[in-house]
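Enquirer: Same order as they appear, the protein sequences are chains A and B. In terms of the working numbering, the first sequence has 11 at position 11, counting the first letter as 1, and numbering is strictly consecutive. In terms of the working numbering, the second sequence has 537 at position 195, counting the first letter as 1, and numbering is strictly consecutive.
If you're looking for bench data, these hints aren't it; they were derived computationally from the structure. Ideal Cβ positions, reconstructed from N, Cα and C, are used throughout, including at glycine. There's no promise every hint is true.
Stated by the list, open to error - Far from chain B by the CB rule (all over 10 Å, computed), these chain A residues:
hint	residue
1	136
2	154
3	240
What the hints assert, rightly or not - Among chain A residues calculated to face chain B with C-beta under 7 Å, some are:
hint	residue
4	50
5	82
6	83
7	174
8	177
9	186
10	189
11	192
Stated by the list, open to error - Rough simulated footprint, nothing fancy, chain A against chain B, three-plus residues with beta-carbon under 8 Å:
hint	stretch
12	401-410
13	465-479
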Amino acid sequence: MILDLQRFQAQERPCWMKLESLLVQLESRPDHRMKPAEVELLQELYAQTAADLNRVTHGALAPELRRYLERLVARTYAELYYAPPTRSELWQPRRWLRIFASFPEAFRRQSRYFALAVVVTMLGCGLGGFAVRYDPASVDVLLPADYLRNPGLRVHEEENEQGRHLDSAQIEAAFSAQLITHNIQVSLLAAALGATFGIGTALLLFENGLVLGAVAVRYAQQGFGLFVTAWLLPHGAFEIPSILIAGQAGFYLARLMLCRREDRNMRESMREWLLLIAGLAMMLVWAGLMEAFFSQRHAPVLPYGFKVAVGAAELALLTIYLLLIGRRDPGAKMLANGPARN
Amino acid sequence: MTDSRPNRLPTTAELAVATPEGVIFRLPLAGPAPRLYAMLLDTTIVLSALNGLGYLVYWIFAKVPGFGAMTITLAEFAIGFAYGALLEGFWNGQTIGKRLFHLRVIDGSGLPLRIEQAWVRNLMRVFDVLPFAYLVGGISVLSSPIMQRFGDRVAGTLVVRETPLSAPTDEAPSNQKYNSFRMYPALAMRLRRAATPELAGLLQDALRRRNELAPYARREVYRELVAYLQTEIAPFPDELVEMLSDEQYLTNAADVLLGDQRPSRIHG
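Next up, chain A with everything else stripped away, as it sits in the complex:
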């Protein structure tokens, strides 16, 4: 059927105008929840405009009118099928504080991906340590330039430089900010590389493990095992697990990418991924502060035993946090989750 466009437009324009003014009202008040009468009116105008769009699409060559009606239909569809969270819902402090409990829950739900990240890192560690143990010359290939200096010399320098640090809280503050941002960026990359079906994530974790293993064995070989433990553990107790959690998020994302599109629960998956990222970011803030203000101080100012004890205590607290916080019984959990839409 070929449409008499002019007559059609004259007839239907009042309906479109009414719908447009209603949409303008609704869009300008995102916090407004529609009353039943408003929904009914919107639904009625939507049905009429959708029918008009159908007639224009199949009965006339009127691209501009079609685009206009498509836009109206799209906007109405969004109003009818999507209710954004209200401002008051969004700015509830309790909503944001819940992250502290939700993060360990997400960590435990996706623990198999954490295990995979641990395995890949351990493989790298093992290979790095093995290479340095049996072929000391391999450090030239495995380690970045900063770690190539003689360990004895490095320990001597670190122990003698600490006096300067005592008066340099400002330098440490600036240093901590650099560490925090750099570590979060690297962790985010590990998590985002899950989009390469996990290959990039695995390579990044393996490389990290390789360097860690090589450094640990190199220092231990020359009798500085305690020094390197005391040096790395206070911040490493949070930094290394957070890199592993980034790997966990990356592998989780990879699994999601491999799922068939219709099998994905995108909303829940994204929430899970974001919780892992938020959690590791919080951990890395602490790790950065510890690295700048605590790890760089060595004996005799801070005895190595004390530093190792602090690192071990941090690790124990982190383990308790990740394994125990937020645990609820399933019935309570279902209630807490509430309806699916926000």
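Given the coordinates of chain A, work out where chain B should sit on it, guided by the hints.
Expert: Using the frame of chain A, we list chain B on its own:
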């Protein structure tokens, strides 16, 4: 005899959304160029804001510059990610740059973007930006039928164009009294049957924007359109075409396609 199937002109990418009620509507997708311009504008805004903030922070922390450096480093990092995520999340899929270039990020189902989607697509920039200048993201956009960078693929979002549209007016598409093409009803009908809506839109745009085109460009565009219509859609007799300028030819064709579409009526 020419093939009666309409030849499709290359069209811009669109997303077709089918609603639960069975209504299908299309949303035009944003190409890489406007997205790049919007991103450059947003980057400029963020850098300017950070610059201003930097002066303020260094002034406040003048006596303890180390803490000033710490504050500004952390602020730079947070604002870099949060600018896009918060604005898109709370401003219905738009940043300042996107709003100025009439772009909007939406959910793949045609619904508005959710806050978590805004965060995911913005955090995924660390990957899209690799190895430099958004090469990974650019390749992803160009290779995706719905122009998604990796961040969009993961978040299930896409960027659409939202050029301002006003309600159609009462005026007839063409006000010419006489259209010589209607003397050939069979050919006029063939033109209407074979022309796609995109072609009709193209003709309408070409005529409406005649004064925006340089004379040489206008001649070339009109000449190419006439040649296309004559060879591929509906060949009107040479003796008629020779009497018409290219612009008159296109005006007649647009009148046939977009004018009063009651078939029985002949103008003039």
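Enquirer: Work down the list of hints and note, for each, if the structure agrees.
Expert: Hint-by-hint comparison with the structure:
1. 136: The assertion about residue 136(A) holds, with a minimum of 33 Å to chain B.
2. 154: Label holds. Min Cβ-Cβ 25 Å, cutoff 10 Å.
3. 240: Non-interface label on residue 240(A) holds, nearest chain B Cβ at 20 Å vs cutoff 10 Å.
4. 50: holds (4 Å)
5. 82: holds (5 Å)
6. 83: violated (10 Å)
7. 174: holds (4 Å)
8. 177: holds (4 Å)
9. 186: Nearest chain B Cβ about 9 Å off; hint violated.
10. 189: holds (5 Å)
11. 192: For residue 192(A), the interface hint holds, since the closest Cβ of chain B sits about 4 Å away, which is under 7 Å.
12. 401-410: Since three or more residues must qualify, the claim that chain A covers the stretch 401-410 of chain B holds, with 4 doing so at under 8 Å.
13. 465-479: holds (count 4)
In terms of the numbered hints stated before, the structure departs from hints 6 and 9, listed from lowest to highest.
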